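**Q** Residue strings, one per chain:
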Amino acid sequence: MNAKQIDQATLLQNETDPLTHTPVHLLSLDKVGKNYGNILALSDVTMAVDNGRVTCVLGDNGAGKSTLIKIIAGLHQHDDGVLKIMGEERKFGSPRDALDAGIATVYQDLAVVPLMPIWRNFFLGSELTSGFGPFKSLDVQKMKDITKKELAEMGIDLRDVEQPIGQLSGGERQCVAIARAVYFGAKVLILDEPTAALGVKQSGVVLRYILQARDRGLGVIFITHNPHHAFPVGDRFLLLKRGKSIGYYEKKDITLEELTAQMAGGAELAELAHELEQLGGHGDVVKEVQNEVADVAQTTGKAYN
Amino acid sequence: MTITQTRTKSPATDERVAKRSPLQQLLGRPEVGALVGAIVLFIFFAVVSSTFTQPNALATVLYGSSTIGIMAVGVSLLMIGGEFDLSTGVAVISSALTASMFSWYFSTNVWVGVILALLVSLAIGFINGWILMKTKLPSFIVTLASFLMLTGLNLGLTRLIGGSVSSPSISTMDGFDTARGVFASSVNIAGIDVKITVFIWIALVAVATWVLMRTRVGNWIFAVGGDENAARAVGVPVKATKIGLFMGVGFCGWILGMHNLFAFDTVQSGEGVGNEFLYIIAAVIGGCLLTGGYGSAVGGAIGAFIFGMANKGIVYAQWNPDWFKFFLGLMLLLATIVNLIVKRRAELK
Chain A
20 MNAKQIDQAT
30 LLQNETDPLT
40 HTPVHLLSLD
50 KVGKNYGNIL
60 ALSDVTMAVD
70 NGRVTCVLGD
80 NGAGKSTLIK
90 IIAGLHQHDD
100 GVLKIMGEER
110 KFGSPRDALD
120 AGIATVYQDL
130 AVVPLMPIWR
140 NFFLGSELTS
150 GFGPFKSLDV
160 QKMKDITKKE
170 LAEMGIDLRD
180 VEQPIGQLSG
190 GERQCVAIAR
200 AVYFGAKVLI
210 LDEPTAALGV
220 KQSGVVLRYI
230 LQARDRGLGV
240 IFITHNPHHA
250 FPVGDRFLLL
260 KRGKSIGYYE
270 KKDITLEELT
280 AQMAGGAELA
290 ELAHELEQLG
300 GHGDVVKEVQ
310 NEVADVAQTT
320 GKAYN
Chain B
173 MTITQTRTKS
183 PATDERVAKR
193 SPLQQLLGRP
203 EVGALVGAIV
213 LFIFFAVVSS
223 TFTQPNALAT
233 VLYGSSTIGI
243 MAVGVSLLMI
253 GGEFDLSTGV
263 AVISSALTAS
273 MFSWYFSTNV
283 WVGVILALLV
293 SLAIGFINGW
303 ILMKTKLPSF
313 IVTLASFLML
323 TGLNLGLTRL
333 IGGSVSSPSI
343 STMDGFDTAR
353 GVFASSVNIA
363 GIDVKITVFI
373 WIALVAVATW
383 VLMRTRVGNW
393 IFAVGGDENA
403 ARAVGVPVKA
413 TKIGLFMGVG
423 FCGWILGMHN
433 LFAFDTVQSG
443 EGVGNEFLYI
453 IAAVIGGCLL
463 TGGYGSAVGG
473 AIGAFIFGMA
483 NKGIVYAQWN
493 PDWFKFFLGL
503 MLLLATIVNL
513 IVKRRAELK
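Here the protein sequences come in this chain order: A and B. Per our numbering, the very first residue in the first sequence carries number 20; after that it's consecutive. Per our numbering, the very first residue in the second sequence carries number 173; after that it's consecutive.
Hint data in this document are derived by calculation from the structure and do not stem from the laboratory. Source: prediction; values computed, not measured. You may find that some hints are simply not true.
Pairs of lysine-lysine, BS3-like flavour, derived with a Cα cap of 30 angstroms [said to hold, decoys possible]:
hint, chain 1, residue 1, chain 2, residue 2
1, A, Lys110, B, Lys411
2, B, Lys411, A, Lys155
3, A, Lys103, A, Lys306
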């Protein structure tokens, strides 16, 4: 194993916030675990989120990524361990609690209303009004201006804020959701597989907005199963597998190849080669898988057999 | 941050925004299909009937439109909010019966009955909405149930209390004249009597349009109809909005119920059945999507106007009114098809 793991025991004690240089993280998890009845969904996960840093959570389906976000976003409560916001221990009772603590989640389905104009979507639920009493009316011009300005600051080049948001591409819609979270005071931004349903180009667009959000000082949690998306934008990488952390790295300590190899799971590939061999009659395929195993072993420095 | 700098100076005119002519912008509005239909129908009846365009006839057409249009305002908003209400037709009668029976049997000023009827109408709306939000059943089922129950209550209670199928005449009671002045009088404009319901209708459409386009509640109505879960996720009070919409329908039903009561002074307890479809038809012709999230109050008004023109126009053209329902159905089909085509065209350009 070439890559140096972040020491789970000393991480939260010795590391300091890069902006404030105090040993307090914007958000930190210490040995957090969660059971659903007798099923262990997540155990012993330690990670930290800081201002202006992107923490990537990588893992395959069923690795516990969604359980992790749900705990941070306030949909579920953790059973073990400690969740701290700005050094203060918290347990969120509802998504509203998490939102009030400055944690905004951009879900895959985005929470936008397709037929409504962009600016109405942007301010939906938190509309600006002028006037008083029963004659309060929407401050339409101000909301349009703010929407345009905020999206421009995120680097979103918008044609017309009056068009229905359903006409935007998936990537653009994602970005409006991000910009909305940023504008309404999010300190921690959770992005749940924002690139999963997008094409190559659109994914690039979303990754750029993740960097924009980071540059504006937000702590970003980027959930993905694609190391090629995670590596360019991430500062730290938490790898999950079957509800457990299988690695936690600083960017300087790991390469894309190592990350990919860990994700790909050299052990699984070796197992697959064995099985195919036993079945017989798959000579070409077995050879291919074995080559793959050799590749993975080379990059991670581990031998699988 | 070079990306941002080059991109923030997006000028007022973007070359990717094709210049949309005012005509195209107009064609993108939800009510435009109905407007085209209304104009065509108007010209049609003006040609086939010599009396149709006379001021008196127009006042009659407007009156007929207003009795549908008042309800269509509430129903349109409800449909934009993603629900519909089958109990509206009989709820109007329930409201009228409440006012007349209460003030008659308790010998009160009719205004007491009028206020009580308002409370009953709002309560019917509230209960519809509340059951809908509690059970999460489709509004079709919930309001079909309340339609049947109200139909039965109207007939049953009226016969139980008064022993007849209609409410007693309240024309001699205290407050009847002032109440008639408010709900069922006429205003003389340049020698033509225009019913007061026409003005109430126009005022309601104006208020509803303002609420929809310029208030937070309007934003919420579009949102709960467009995508309820998304609306909830960003903190829109979905329950309150939907219940409020049903109560709005109740309010419109109260106005129409009071008009019916004070225009004639008695109410037939079996009336109102089937009218709920007229209100829904008006809203749909006016461009409100059945699935919610799209539409306008003005559209519902134009839909009601089309209804009024067809209803009275057939009489002025001296045709057999038996044909009216056929024309109504045809119009519904044509108007919705025109709506669809116009909307697609406008969005493509």
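**Q** Confirm or reject each hint.
**A** Each hint tested on the structure:
1. Lys110(A) with Lys411(B): Given that 30 angstroms is the threshold and the Cα spacing comes to 27 angstroms, the pair holds.
2. Lys411(B) with Lys155(A): 21 angstroms, holds
3. Lys103(A) with Lys306(A): With a Cα-Cα distance of about 49 angstroms, the restraint between Lys103(A) and Lys306(A) is violated, given a limit of 30 angstroms.
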